[in-house]
Amino acid sequence: MKYRHLFLCMFFFVAICQLNYAQENQGGRFSGDLVANGNFFIRDTAIGAANTPQYDHQLFGAETWLNLRYSNWGFDVGVRFDLFNNSNLLNPQGSYSAQGIGRWFIKKKINNLDIAVGYLYDQIGSGIIFRAFEQRPLLIDNALYGARLKYSFNEDWSIKAFTGKQKFNFSSYSPIIKGAAVDGYFASDEEAGTNWSLAPGLGIVNRTIDDETMRNIVSSITTYNIADSIGAHYNTYAFSAYNTLSVGKFSWYIEGAYKTQEQIFDPFAVRLAKDTTNSPSLGKMISVDGNVLYTTLSYASKGFGVTLEAKRTENFKLRVDPFVELNRGAINFLPPMARVNTYRLNARYNSATQELGELAFQADVSYAFSKKLLFNLNFSNITDLNNNLLYREIYAEGTYKYKRKWQLISGVQLQNYNQEVFEVKPKKGIVQTITPFAEFLYKFTRKKSLRMEAQYMFTGVEWGGTDFGEFKSDNRDLGDWVFLLAEFGIAPHWIFEVSDMYNIDPSTEGAKANHYPAVGIVYIHKSNRFSVRYVKQVEGVVCTGGICRLEPAFSGVKMSINSTF
Amino acid sequence: MKKLSFLSIIVFALCFSCKEIQPVIPPFGDGGGSVIVTPESRKVLIEEFTGVSCVNCPQGAAQIEDLISIHGESLIAISIHAGFFSSPYPGQQDFRTEEGSAILNLLGGESSYPAGVINRKIFDGEIDHQVGQASWAGHIANELTEDAKVTIDISTNYNSETRKLDIDVTGGAIEIIDGALRISVMVVETNIKDKQLTPDGLIDDYSHKHVLRDMLTDATGDELALEGLAVNETYEKSYSMVLPEAWESGNCSVVAFVHETGTTTTVLQAEEHYLGE
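Chains as they are written, first to last, in the numbering used here: chain A, 2 to 566; chain B, 42 to 318.
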């Protein structure tokens, strides 16, 4: 710890000295950014915003990330200070407090060799076998704490290798992760009149379990009935081959990945009791290999674009060890196969990627009839490997722009959402929704504008056939919703917002129809953004991978500051 | 390109030429009955947070029964009904207790159910005391390899007419123990037939096991030793209560455990005593 502090002191000292020197001599560059969130918790038992430490007695929670970066003499160094005070990001029902250096790195390029040490973000291909990334709203930060070397043979070909441990809050998981990838690029001779390019790649990742974790694995397997017993592997290897072919206006990406046999925890696997007089239960480690095939084909010309995607996943759970749960300890990232929706009600139901078995297709078409009129159509269909429906969506949206005065976006979304699988709610089956929506933006002047949104979610509305496999389809979940928003902007500094999400027709007879309002102000000054919002947010129970977790309702004031320098 | 091909061949050849020696899975144990349990034997406490509307919790309970069938008296389980999933259904008895809610807040607050706390320790790689079902077996097995630092002996006197229960908890330190210590004493009832949500729907006569009914001490325990215990230093605590009519005394037991306090809350030893004994 003391050497870390010493390093930091030296870093800041050198940085500050050089900052002064560099400002005079323009020899280096110092930059950074700040994200700070503060939440005041206001108890509201009517919507269930209560009975957590924050609502009971802590009353305030905060998170802060301060990034500092300095580049000079071919070096690129960075450090990030993280702070969590009574934060509910890590556990929405609990309180997390910690602070310290969340990340540091040093990078240096020597001729064709790139050297990087510290906490590193990187991926291989599309991330199917390896992705180290950060996603702050979910407090995902699985940076690789280690070293990476990348050698560029020329402009088109490079090879990289890395080794380290995955970051876990302010420490790291014990298993070792290492990997390598080769990436290349071929392109046609444009002078010859052809126009194509190839970007192939090969990757490999290996995870080696440490002795302590293996002792826990062996102890667990020892408790299994002999019929459920499996072997255990210290090492898992994942291989990936990928390529992007671009020909004219077409682009085709394909990636295939294979993972060697290893022990993974399947929460739905039937486990025989050790004492056979007891009933079987669910959840045990199984030893399987896995594979993923993923491809996208896109075409883009002036005013017209089509993207087709397909993915098949089988037993591709790649974690630091079989005991980590939910979104912790993931070494890889499987691309989601449904549209990312931004409107509140359209985004209420999302399909969680299923690591153990999934077959998914998605198609997206965009067409501009003119500069004024645009159209987008999206379709996605996701089933398990037994052809039981998990998620289906049809999304159609039209945009009309009238000069620079006003703009209207309108459309409809149809969803089939398997709540029984995604939220582990027995006998619930499929939630069917139809959600028309509209957004209107009107510019009074160059600086003043008004944006309004309206959505209505009908639930329990049958559409699109009955091929839901073994699941029923009359689930209304919490019932129908309406969402309205008005946002007034005074460029370049001010945005004022007011919205309400209303459970206009609850599914349970006699249930109270609650309002979930929000009022907010945003102030932007140069590279600083300040916002404060009073928010009430509906709660929900989310069950994934056999684990149920309550995402509680929120009631209170949220403040945030974003600043770059 | 030649450099690249050569490197690729080396890398992939290395991968396939490496073969590991897999760990040996020991022969399957036949349960705690084959292990002679003495007052000095280490016992492990698992506190499971659960609720009648937690659909996945029955599988956690089933795994605990499985682990008990393996470890026998060496494993002591308590099911604490607390949090969002524990509100009773209409007409159902309420398994929640004030102490249970306080213990939940003490041990990390409500997170993902089923969740278990093993010897009130925060294990490496975990963010708080609560660990998922997948890792219970491993942590319990590792804790059982530790030596017991203190003994606990429970004796009870129960009057079936007045339903008055008298409890004496005695014990002593096996080795020197530094730091403040506390003792928690609970009354637990098992095989309570009542509603429970399961993956097959709501069951009316589900058998609830090891349900925390009441605590004779504070939720955080009673003070046992402010400055630890010297070798062979003894302690003695006495408690009394009247069992409510709704409780089946024959299914009740007293659980006592000695634990640290302050920055660590590790349980040093636990013991269980059935009223019928």
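Simulated from the structure, these hints should not be mistaken for laboratory data. For each residue, glycine too, the CB sits at the ideal point set by N, CA and C. Careful: at least some of the hints might be erroneous.
For lysine to any residue, the following SDA-like pairs were computed, each having C-alpha atoms within a straight-line distance of at most 25 Å [to be verified]: (1) B:Lys162 to A:Lys109; (2) A:Lys429 to A:Phe472; (3) B:Lys162 to A:Leu91; (4) A:Lys428 to B:Thr231; (5) A:Lys513 to B:Ile62; (6) B:Lys162 to A:Arg216; (7) A:Lys429 to B:Pro129; (8) B:Lys236 to A:Val341; (9) A:Lys166 to B:Ile62; (10) B:Lys234 to A:Ala274; (11) A:Lys449 to A:Val341; (12) A:Lys429 to B:Gly242; (13) B:Lys162 to A:Ser173; (14) A:Lys303 to A:Ala274; (15) A:Lys426 to B:Gln133; (16) A:Lys109 to A:Asp157.
Listed next, the stretches of chain A that the computed footprint assigns to chain B, with coverage defined by at least 3 CB atoms under 8 Å from CB atoms of chain B [stated by the list, open to error]: (17) 85-94; (18) 343-350.
Okay, the hints, checked on the actual structure:
1. With a C-alpha separation of about 42 Å, the suggested pairing of lysine 162 of chain B with lysine 109 of chain A is violated against the 25 Å cut-off.
2. Between lysine 429 of chain A and phenylalanine 472 of chain A the CA atoms are separated by roughly 8 Å; this keeps the pair inside 25 Å, and the hint holds.
3. Distance hint between lysine 162 of chain B and leucine 91 of chain A is fulfilled; the C-alpha atoms sit about 19 Å from each other, no more than 25 Å.
4. A threshold of 25 Å between alpha carbons decides the hint, and for lysine 428 of chain A with threonine 231 of chain B the separation of about 29 Å lies outside it, so the pair is violated.
5. As the CA atoms of lysine 513 of chain A and isoleucine 62 of chain B are separated by approximately 62 Å, the hinted pair breaks the 25 Å bound.
6. About 17 Å separates the Cα atoms of lysine 162 of chain B and arginine 216 of chain A, which keeps this hinted pair within 25 Å; it holds.
7. Restraint check: the Cα-Cα separation between lysine 429 of chain A and proline 129 of chain B comes to about 21 Å, which is no more than 25 Å; the hinted pair holds.
8. Among the hinted pairs, lysine 236 of chain B with valine 341 of chain A is inconsistent with the structure: their alpha-carbon atoms are about 40 Å apart, more than 25 Å.
9. Between the alpha carbons of lysine 166 of chain A and isoleucine 62 of chain B the distance comes to roughly 22 Å, so the proposed pair stays at or under 25 Å and holds.
10. Note on lysine 234 of chain B and alanine 274 of chain A: the hinted pairing holds, with a Cα-Cα distance of about 21 Å set against a maximum of 25 Å.
11. With a CA separation close to 29 Å, the supplied pair lysine 449 of chain A and valine 341 of chain A exceeds the 25 Å bound.
12. Restraint check for lysine 429 of chain A and glycine 242 of chain B: satisfied, since their Cα atoms lie roughly 10 Å apart, inside the 25 Å limit.
13. Taken as a hint, the lysine 162 of chain B and serine 173 of chain A pair is honoured in the structure, with Cα atoms around 18 Å apart against an allowance of 25 Å.
14. With a CA separation close to 63 Å, the supplied pair lysine 303 of chain A and alanine 274 of chain A exceeds the 25 Å bound.
15. Under the criterion of a C-alpha separation no larger than 25 Å, the hint pairing lysine 426 of chain A with glutamine 133 of chain B is consistent with the structure, at around 21 Å.
16. For the given pair, lysine 109 of chain A sits about 20 Å from aspartate 157 of chain A by alpha-carbon distance, which is consistent with the 25 Å threshold.
17. Remark: the region 85-94 of chain A is confirmed as covered by chain B, as 3 of its residues place a Cβ nearer than 8 Å to a Cβ of that chain, reaching the required three.
18. Residue count for the region 343-350 of chain A with a Cβ under 8 Å from a Cβ of chain B: 0. That is fewer than the three needed, and the coverage hint is violated.
This entry does not satisfy hints 1, 4, 5, 8, 11, 14 and 18, going by the numbered hints stated previously.
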